[in-house]
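Residue numbers (my numbering), protein chains in the order written: chain A, 1 to 476; chain B, 477 to 758.
Everything labelled a hint here was simulated from the structure, so no lab data went into it.
All residues carry an ideal CB built from backbone N, CA and C; glycine is no exception.
Check before you lean on any hint, since a few could be wrong.
Computed cross-link-like contacts, DSS-like style, restricted to lysine-lysine with a CA-CA straight-line distance of at most 30 angstroms [as the list claims (entries may be wrong)]:
no.	chain 1	residue 1	chain 2	residue 2
1	A	Lys457	A	Lys118
2	A	Lys355	A	Lys116
3	B	Lys723	A	Lys118
4	A	Lys118	A	Lys355
5	A	Lys116	B	Lys723
6	A	Lys116	A	Lys162
7	A	Lys162	A	Lys465
8	A	Lys116	A	Lys465
9	A	Lys162	A	Lys457
10	A	Lys465	B	Lys723
11	A	Lys238	B	Lys697
12	A	Lys162	A	Lys238
13	B	Lys723	B	Lys505
14	B	Lys607	A	Lys238
15	A	Lys118	A	Lys162
16	A	Lys238	A	Lys256
17	A	Lys457	B	Lys697
18	A	Lys355	A	Lys110
19	B	Lys505	A	Lys256
20	A	Lys457	A	Lys110
Label-pair restraints from in silico Cβ distances [claimed, not checked]:
no.	chain 1	residue 1	chain 2	residue 2	range
21	B	Phe564	A	Gly375	40 to 48 angstroms
22	B	Phe495	A	Gly314	55 to 63 angstroms
23	A	Arg94	B	Pro649	34 to 42 angstroms
24	A	Leu11	B	Lys723	34 to 42 angstroms
25	B	Lys723	A	Arg135	24 to 32 angstroms
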Amino acid sequence: MSEQAKAGGVLGMIWEFFASVRLTVILLLSLAATSVIGTLVPQNESPMAYQQAFGEFLYRLMAALDLFDMYRAWWFQLLIVLLALNIIVCSVERLTALSGILFVRHPVFKIARFQKAKNRQEFSVEAPAADLQARYMAALASQFGYRRVEPQGEGFVIFAEKWRWTRLGVYVVHLSIVVLLVGSLIGSIFGFEGYVNIPENESTDTIRLRFSNQPVTLPFTIRCDDFDVSFYESGAPKEYRSNLAILENGRTVLTKAIVVNDPLRYRGINIFQSSYGQVPHEHEDAEDAAPGEFRLKVTARDSGQAHTLSGAVGDRLNLPDGRGEILLREYVPHLNFGGQDLGPGLNLTLTQPGKEAQEIVLAMRFPNFDKMRGGEFLLAVEGAAPQRFRPGQDSGQRFYTGLQVTRDPGVPVVYAGFACMILGLLVTFFMSHQMVCVEVRVLGAACRVAVAGIANKNRLGMQQKIAQIADRLRAA
Amino acid sequence: MTSSYILSFVTFGYGLAGFLYLFCWVFHKPRFAILATLALAAAWLGNTASILLRWVESYQMGMGHAPLSNLFESLVFFAWTIALIGLFLEWRYRDRSLGVFTTPLAFLALAYASLSPGISDRIQPLIPALKSNWLIAHVITCFIGYASFAVAVGVSLMYLIRAGASVSPGSLPDRLPPAGLLDELNHRLVLFGLLFLTVGIITGAVWANQAWGRYWGWDPKETWSLITWFIYAALLHFRLMRGWHGKRIAYLAIAGFMAVLFTYFGVNLLPGLHSYGSMSAG
Numbered sequence: 001m002s003e004q005a006k007a008g009g010v011l012g013m014i015w016e017f018f019a020s021v022r023l024t025v026i027l028l029l030s031l032a033a034t035s036v037i038g039t040l041v042p043q044n045e046s047p048m049a050y051q052q053a054f055g056e057f058l059y060r061l062m063a064a065l066d067l068f069d070m071y072r073a074w075w076f077q078l079l080i081v082l083l084a085l086n087i088i089v090c091s092v093e094r095l096t097a098l099s100g101i102l103f104v105r106h107p108v109f110k111i112a113r114f115q116k117a118k119n120r121q122e123f124s125v126e127a128p129a130a131d132l133q134a135r136y137m138a139a140l141a142s143q144f145g146y147r148r149v150e151p152q153g154e155g156f157v158i159f160a161e162k163w164r165w166t167r168l169g170v171y172v173v174h175l176s177i178v179v180l181l182v183g184s185l186i187g188s189i190f191g192f193e194g195y196v197n198i199p200e201n202e203s204t205d206t207i208r209l210r211f212s213n214q215p216v217t218l219p220f221t222i223r224c225d226d227f228d229v230s231f232y233e234s235g236a237p238k239e240y241r242s243n244l245a246i247l248e249n250g251r252t253v254l255t256k257a258i259v260v261n262d263p264l265r266y267r268g269i270n271i272f273q274s275s276y277g278q279v280p281h282e283h284e285d286a287e288d289a290a291p292g293e294f295r296l297k298v299t300a301r302d303s304g305q306a307h308t309l310s311g312a313v314g315d316r317l318n319l320p321d322g323r324g325e326i327l328l329r330e331y332v333p334h335l336n337f338g339g340q341d342l343g344p345g346l347n348l349t350l351t352q353p354g355k356e357a358q359e360i361v362l363a364m365r366f367p368n369f370d371k372m373r374g375g376e377f378l379l380a381v382e383g384a385a386p387q388r389f390r391p392g393q394d395s396g397q398r399f400y401t402g403l404q405v406t407r408d409p410g411v412p413v414v415y416a417g418f419a420c421m422i423l424g425l426l427v428t429f430f431m432s433h434q435m436v437c438v439e440v441r442v443l444g445a446a447c448r449v450a451v452a453g454i455a456n457k458n459r460l461g462m463q464q465k466i467a468q469i470a471d472r473l474r475a476a
Numbered sequence: 477m478t479s480s481y482i483l484s485f486v487t488f489g490y491g492l493a494g495f496l497y498l499f500c501w502v503f504h505k506p507r508f509a510i511l512a513t514l515a516l517a518a519a520w521l522g523n524t525a526s527i528l529l530r531w532v533e534s535y536q537m538g539m540g541h542a543p544l545s546n547l548f549e550s551l552v553f554f555a556w557t558i559a560l561i562g563l564f565l566e567w568r569y570r571d572r573s574l575g576v577f578t579t580p581l582a583f584l585a586l587a588y589a590s591l592s593p594g595i596s597d598r599i600q601p602l603i604p605a606l607k608s609n610w611l612i613a614h615v616i617t618c619f620i621g622y623a624s625f626a627v628a629v630g631v632s633l634m635y636l637i638r639a640g641a642s643v644s645p646g647s648l649p650d651r652l653p654p655a656g657l658l659d660e661l662n663h664r665l666v667l668f669g670l671l672f673l674t675v676g677i678i679t680g681a682v683w684a685n686q687a688w689g690r691y692w693g694w695d696p697k698e699t700w701s702l703i704t705w706f707i708y709a710a711l712l713h714f715r716l717m718r719g720w721h722g723k724r725i726a727y728l729a730i731a732g733f734m735a736v737l738f739t740y741f742g743v744n745l746l747p748g749l750h751s752y753g754s755m756s757a758g
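Construct the complete structure from the given sequences, taking the supplied hints into account.
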């Protein structure tokens, strides 16, 4: 491969381009910089919400740049592919260059390098060289797997080394990134991510995909036998639990109670507890019936604290810590927004101390609708009920369970990548290829001993190690 | 709660230790610096006790979860880890001037935890999404990483002072550890931090896959942790492949920690507000 680079030509130029660490650093920093955009602009919201927030012109411009779904945008994916190519080419280049010293039975030691080493220590011993040779070989045996003696003049040289293989660690780390990307590619081609709402005692085999809303038919049927939500005394949710059954050809093959963090897995498909809600009364027209009570989720932007307030139209709801109040002014069955029907909506008046009252519109089907207002509080309609109820109470109400249904055959590959990355980092960061040279010259009745070491990393550590070895050899 | 009561002493202890370190450095009283170390060690023991006690208290209140479940508890653990790394470095390198720049970080973390009005120190029950064994592994690894990066910033600042233009013998900068050692220390802290940040992101990903069926969802917190990872990875490539050392690496380590701080606190200010509750309750 590296011949290509030398050969020149277009391929050679491309190869050279990808073989540069400068490119790596540029790509890493570009990925870091562009990733910021997607955290500043909320992703995958409704077009109406974007138009409201940014205005028509900016909206069109940002949409053209795919900024509303940027992590899937071609240019962001291109950066990732370039990084993968960069990693592969650099690894091939370095491995070919290193193969001469990595995969050898009898490593080559250049004594001149040890003679120049800064950590070199010297001392004299009054003993015959032959004695020293046996003693030093034994002393080095505990620490160095590979040892070799070469005669030099009347004296000798011992070369010893260990952990040559750790030079590969960095390639394991780099390869793990490629493995991760392959895993995510497998997931995006062969997997799906969807959701489905199933009312209690009903079943379905069709789910809808996230983002595209396309229906997908599962190879089995999911039935929801029961849904239950429990609360702490403070009112915070404690547990969401769905009793599910899996049916194949009308026969129940599996039942399991799932909670958040404990999904059901069947035939490569995972079913997660994700949300819940109330089934509208059948005798009412679900679209147009005005709910009696609304549950409003209020999230303080500064602290992230969320509260849920409930009330009917005409009610005044107090914000936490006396930060103001909300008047539920009006329920609108068909909210008209930029000429589009957003479904049911709620008109509110927000009054905060020291501020002018503010009229706010919430689209009930779009919980993130209010994000764009950029207010001190983020408001969202969490739920609406035809009559006063507490979930869990038997009020004749039926719940539906909201399930997330995913399939991702790439997960084992991704996990393998995770394992490789952690192991590779441990080796790369904390282990080094260590070579030691003990040189013994005969000077009359005494011997002059020199100890020096070379490591591919952690020079300070090597210096300490050489000092230790010199001490041990003096005592040997 | 006794654990919160202890923490106010611990905060004071870190503050006192930081002050003593500074005093001994500025007035060149190396013999008294042992007092700073003792204050730091005592405060760290108190910090340990308060974490264990809070754990016990949560069981007594019938909730029973490790004290790693909210901003307050994470800050307490953050301070604990910074102090531990500070004590370790002092013991390992036999240099008490390191404490001048590391101990105040532990103090700031705890002071922020107890004084900021937005942070509740109450023991709260776990919401459904946090009920997982991955919580402990994820939070501990992330915060060991964050703490190493924080200490690396302290060491970088020391480097910048030590390697300044005019360091006369016997002056304040001259009483800091040699620049070469600080540079090496900075490098090791970044390596250590990056390893733990990586494990933290990975445990988070495995947990997310367990809870929501996707190991990566590009939510702001995830994305910012990845941005942090990219910055430190770039730092290492600058250092190892392009031979950058000293000041430039010190500035990069500081920039990396800015990203850490944003991942930790700043994400809450972003428009795409992410709270754990909203993900579980939909």
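Hints, verified against the model:
{"no.": "1", "hint": "A/Lys457 to A/Lys118", "in the structure": "holds, 14 angstroms"}
{"no.": "2", "hint": "A/Lys355 to A/Lys116", "in the structure": "violated, 75 angstroms"}
{"no.": "3", "hint": "B/Lys723 to A/Lys118", "in the structure": "holds, 24 angstroms"}
{"no.": "4", "hint": "A/Lys118 to A/Lys355", "in the structure": "violated, 70 angstroms"}
{"no.": "5", "hint": "A/Lys116 to B/Lys723", "in the structure": "holds, 28 angstroms"}
{"no.": "6", "hint": "A/Lys116 to A/Lys162", "in the structure": "holds, 20 angstroms"}
{"no.": "7", "hint": "A/Lys162 to A/Lys465", "in the structure": "holds, 13 angstroms"}
{"no.": "8", "hint": "A/Lys116 to A/Lys465", "in the structure": "holds, 17 angstroms"}
{"no.": "9", "hint": "A/Lys162 to A/Lys457", "in the structure": "holds, 13 angstroms"}
{"no.": "10", "hint": "A/Lys465 to B/Lys723", "in the structure": "holds, 28 angstroms"}
{"no.": "11", "hint": "A/Lys238 to B/Lys697", "in the structure": "holds, 24 angstroms"}
{"no.": "12", "hint": "A/Lys162 to A/Lys238", "in the structure": "violated, 54 angstroms"}
{"no.": "13", "hint": "B/Lys723 to B/Lys505", "in the structure": "holds, 28 angstroms"}
{"no.": "14", "hint": "B/Lys607 to A/Lys238", "in the structure": "holds, 10 angstroms"}
{"no.": "15", "hint": "A/Lys118 to A/Lys162", "in the structure": "holds, 20 angstroms"}
{"no.": "16", "hint": "A/Lys238 to A/Lys256", "in the structure": "holds, 19 angstroms"}
{"no.": "17", "hint": "A/Lys457 to B/Lys697", "in the structure": "violated, 33 angstroms"}
{"no.": "18", "hint": "A/Lys355 to A/Lys110", "in the structure": "violated, 78 angstroms"}
{"no.": "19", "hint": "B/Lys505 to A/Lys256", "in the structure": "violated, 68 angstroms"}
{"no.": "20", "hint": "A/Lys457 to A/Lys110", "in the structure": "holds, 18 angstroms"}
{"no.": "21", "hint": "B/Phe564 to A/Gly375: 40 to 48 angstroms", "in the structure": "holds, 46 angstroms"}
{"no.": "22", "hint": "B/Phe495 to A/Gly314: 55 to 63 angstroms", "in the structure": "holds, 58 angstroms"}
{"no.": "23", "hint": "A/Arg94 to B/Pro649: 34 to 42 angstroms", "in the structure": "holds, 39 angstroms"}
{"no.": "24", "hint": "A/Leu11 to B/Lys723: 34 to 42 angstroms", "in the structure": "holds, 40 angstroms"}
{"no.": "25", "hint": "B/Lys723 to A/Arg135: 24 to 32 angstroms", "in the structure": "violated, 47 angstroms"}
Checked against the numbered hints above, the structure violates hints 2, 4, 12, 17, 18, 19, 25; every other hint is satisfied.
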